[in-house]
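Student: Now for the letters of each chain:
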Amino acid sequence: MTQSRTICVVLFLSLSIWTQSAFAASVSVPRSAEAGRTITISTDGSGVGHLYIVGPSGAVERTIQLGARISIPPDEISNAGHYTVFLITSTSTETADLDITSSPEAASLSFLARPSRLPVSLQKGVGGVAYIFDAYHNLVMQSQPVHFQLTLPNTAPEIHTVDSHQGVAWIQMDSSARAGNASFEAAVGKGTSLRVLQEVPGDACQLRMSARPVGDRLHVQTAPLRDCTGNLVADGTIVTFTEIYDGNRSTVDAPLKNGIAEADIPANRGAVITVAAGEVLGNQLRWNGGQ
Amino acid sequence: MNRSTLFALFIAITTVGLVVVGTIWPVHTAQAMAGAGYSFNGSSEPQSAVTNLLAEVGSHDWNAAYESLANRSEFSEADFIHDLNGGYPSLRTYATLADFSVQPLHVLEDEGKFRVNLRWSSVVGVFQESRDLRVAKENGRWKVVWPLVAEQRVPPQVIPVNYLRWDVIYRGPGDDWAAQNVESPHVRIIDMRPIDRGNGVSILGEILNEDTVPAFVTVKSTLIGKDKEVLGTEDSFDKISHVLLPKQVSPFRIDFPNVALSQVDSVKMQPSSSLIAASADPVIEIENQKLSGAPHTSLTGELRNESGQIVNIMHVIGTFYDNRGQLLWVGDSYENRALLPNLPAKFSINVPVDIADKVATFRVVTSSYSSTLL
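From first to last, the protein sequence lines stand for chains Y and S.
Numbering of the first sequence is given in the numbering used here, commencing with residue 1 and proceeding in unit increments.
Numbering of the second sequence is given in the numbering used here, commencing with residue 1001 and proceeding in unit increments.
Hints may be right or wrong, so weigh each one.
What the hints assert, rightly or not - Below, in silico cross-link-like pairs of lysine to aspartate or glutamate (EDC-like), each with a Cα-Cα straight-line distance of 16 Å or less:
hint	chain 1	residue 1	chain 2	residue 2
1	Y	124	Y	99
2	Y	257	S	1281
3	S	1268	S	1235
4	S	1290	Y	246
5	S	1113	S	1045
6	S	1290	S	1357
Claimed, not checked - Here are a few chain Y residues that sit away from chain S, every Cβ distance over 10 Å (derived from the structure):
hint	residue
7	79
8	112
9	236
10	237
For the record, the hints were derived by calculation from the structure and aren't laboratory data.
Quick reminder that beta carbons are idealized off the backbone N, C-alpha and C, glycines included.
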């Protein structure tokens, strides 16, 4: 696309050589310039000429007085890349190369954090990749210190600083032993980006229940259910209470709330009641009428 | 006469012929459903009284049906409608009487008894109902004495519930490209077995939500033939509990009609899951689960809604295992009446005859649908 546009521009300019009258001219441009800086282009000769700057994402056109200095403001050429400068007069076409580089000053970043949900105490389970951009959304190629911070509520944040390489910085971190919503932040220069990672408890480690009569029913309830690192097992986890009595079975799938699952089941004297959560089996009760 | 004219003539003659046959020898129930023999004042024949009543029920002509009853002074028309249509929104509310049969049990000079089998058509299939109706002769006309089964009502009250609910904030269109979306729940098929059912292949299995968030799950299956050709692709449709809370397991069954297991070389399973805003409410207790014996083996029990929410549609899915713990069958049933808080309702899941004697254990799960929009 850029190539064909360049060819069109060159053809157009070649034609214009025959229609304009001027003296031979030359153009002088800096070999490279930072995005965000004013670019000054010098020409010599006299008469009128046309200046074209053709780059990766567009072209700039000026009708100029030869011999004058031309300033191109930062917002006209801000995308990093290779540009070609054409100076067209009635008698000649001069070209020059110009490289626009990204500013070394980081202004923003795009932050990829994976996964959005992971178990606690998982080694190198948290991954973060930061892409660093200058104020004109050019990837900052110069090395920059990027600060990664993983914070769980009421805990000291885990902070690491990583130097970027070719505009990218990345890190792998362990998930913490405590469950909760962790803030995962990447910061560079004035740019920060925040992601939320859900660090979730593991499977139940030990399961115990108790029973008490409530009216003509039996209220069964688990003790607070924790994983092997002491976190309350995730809310909503299904706990199944099963009562076997006289060859009949009654079951209730009850969700955990704040680590506790509870349900009402028939109060049958002599019934055997068991409890399970996933693959974890709990204790067994034989209901003898509360005696 | 060209071929298309002949064909048009053939269709016209056949249509006229069928209309004549249908008029002269009408199907009994169709005749009744169409309103033939309709009478406000009872019928001259005892069976006609029953047929007329059911025809009026079928056409939702509640007023005429109620007016034709012999014992209408014992209950109101609303009670009668609730008995047949359900007092709370349920499958029954939107079902239509597709068909019925009337079987005389005994008929005397001024009274009789008939067994009626009603086939209701609903969005999830047909459900049947059988009732014994007594007819009595009043002033020379036969009228039905309706055996009203008063639907249970929940007294007005406030039932506090504090169950969990999950909501999801998804990635939005304005988010930076790097902003990750919330991950889909991790689900896993923990058991799968294809079986030959004579008229097709069924894929039985169980799927586990091994995540800590609720999941909406579906299972798709593709049968691959001996020459690596695709024999068919189906999904579990309603033979699964679609919403799984953390660590919950649902059975599933995928049916492939008209495929023999001997044709199948391999089976490709595709479980999928997505996050869903869900509630842990209601909790349903399944009481007194029992496998009845042959010849009509079925798994029966009672459902008890332990929360305060009225469940409009209740789906019960049973998984049957042999003595080695291998999957034998996955069956299901729908309750056609709403499940009210703490009022037990019976359920029954039929077990195929050829499988019944191999069943050693079973597991029952429920899924419920509640909506004020129903």
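Student: Against which earlier hints does the structure fall short, listed by number upward?
Tutor: 1, 8, 9 and 10
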